[in-house]
Amino acid sequence: AQTVTQSQPEMSVQEAETVTLSCTYDTSENNYYLFWYKQPPSRQMILVIRQEAYKQQNATENRFSVNFQKAAKSFSLKISDSQLGDTAMYFCAFMKPHNNDMRFGAGTRLTVKP
Amino acid sequence: DAGITQSPRHKVTETGTPVTLRCHQTENHRYMYWYRQDPGHGLRLIHYSYGVKDTDKGEVSDGYSVSRSKTEDFLLTLESATSSQTSVYFCAISVGRFSYEQYFGPGTRLTVT
Numbered sequence: 001a002q003t004v005t006q007s008q009p010e011m012s013v014q015e016a017e018t019v020t021l022s023c024t025y026d027t028s029e030n031n032y033y034l035f036w037y038k039q040p041p042s043r044q045m046i047l048v049i050r051q052e053a054y055k056q057q058n059a060t061e062n063r064f065s066v067n068f069q070k071a072a073k074s075f076s077l078k079i080s081d082s083q084l085g086d087t088a089m090y091f092c093a094f095m096k097p098h099n100n101d102m103r104f105g106a107g108t109r110l111t112v113k114p
Numbered sequence: 001d002a003g004i005t006q007s008p009r010h011k012v013t014e015t016g017t018p019v020t021l022r023c024h025q026t027e028n029h030r031y032m033y034w035y036r037q038d039p040g041h042g043l044r045l046i047h048y049s050y051g052v053k054d055t056d057k058g059e060v061s062d063g064y065s066v067s068r069s070k071t072e073d074f075l076l077t078l079e080s081a082t083s084s085q086t087s088v089y090f091c092a093i094s095v096g097r098f099s100y101e102q103y104f105g106p107g108t109r110l111t112v113t
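Protein chains in written order, with this note's numbering: chain A, 1 to 114; chain B, 1 to 113.
One or more of the hints may lead you astray.
Keeping only pairs whose Cα atoms sit at most 20 angstroms apart, straight-line, the calculated DMTMM-like set for lysine to aspartate or glutamate is [said to hold, decoys possible]: (1) Lys96/A - Glu59/B; (2) Lys113/A - Glu52/A; (3) Lys57/B - Asp101/A.
These are computed hints drawn from the structure, not numbers from a lab.
Next up, chain B with everything else stripped away, as it sits in the complex:
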């Protein structure tokens, strides 16, 4: 158990509304990640963070922004949700000596209607 929680676990929202998903960790790991999971694509990296206020884009970052003001929290924001952003969102952290093993939170199912 890597001590990762995600909130909310489920959310239904309307097109055009802003949405923020929260990832919280309890063990002060430096690296945190946001992925989305869609059928036929596995998981794809949206953004990641390598420290407080240090973030970078992943493979599918368009339409998403992130913030990390505290080590334990990594927020993912959809500024104006679209139906194509309906997905399951996973947060992950890196552990291990060389920070390459990733452990995942329980996921958030987001539906944009």
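Isolated chain A (complex conformation):
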């Protein structure tokens, strides 16, 4: 079974600074999908960014970008120009194509300080 590890239970960052959240995963598959989800205090799960393993180019969405290192099985999330609204739990997730079983990490609680 695939496992997803987020080694940083909690992190904090000053407003306007940059922070990187770590994620590693374990799989023998060559093709798969990776995701970062954000869960603010409202509890809503929000898709932040996704990456297809067959794509070498790192995904970006506005202030959010990933560093995908396939050989190292690493998928970190970088948040630039952090804003107070970025305060949330962040979950890394892994999914094989046509499998429908998305595996999540335990999450990293990020606090953005004014």
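Fit chain B to the given chain A structure using the hints.
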């Protein structure tokens, strides 16, 4: 907004009672999922459905059953609730060309006393 609603949003029930949670979608997506969220575990898949009357088990399916008689509704039933089933339950749907992106409902907090 993927048009997903969950009901109820909060529920407190006693051990041994049956409980049914409902997930409703408005956009006729084929795939629907039920997850539970517990501290230290992230989200874990309970059951999923790939069409009307087509369902399959996930990672933590013991103690749960599901039904899907209409495309828009996916029901999760705890036949006899236990305290270990106290959790936040999320419904999700798949969207996107290859149906791998999942979007989540607002969640249901269930407490079993």
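Each hint, compared with the structure:
1. Note on lysine 96/A and glutamate 59/B: the hinted pairing holds, with a Cα-Cα distance of about 14 angstroms set against a maximum of 20 angstroms.
2. Distance hint between lysine 113/A and glutamate 52/A is unfulfilled; the C-alpha atoms sit about 32 angstroms from each other, more than 20 angstroms.
3. For the proposed pair lysine 57/B and aspartate 101/A, the alpha carbon gap of about 10 angstroms is at most 20 angstroms, so the pair holds.
The structure shown violates just one earlier hint, number 2.
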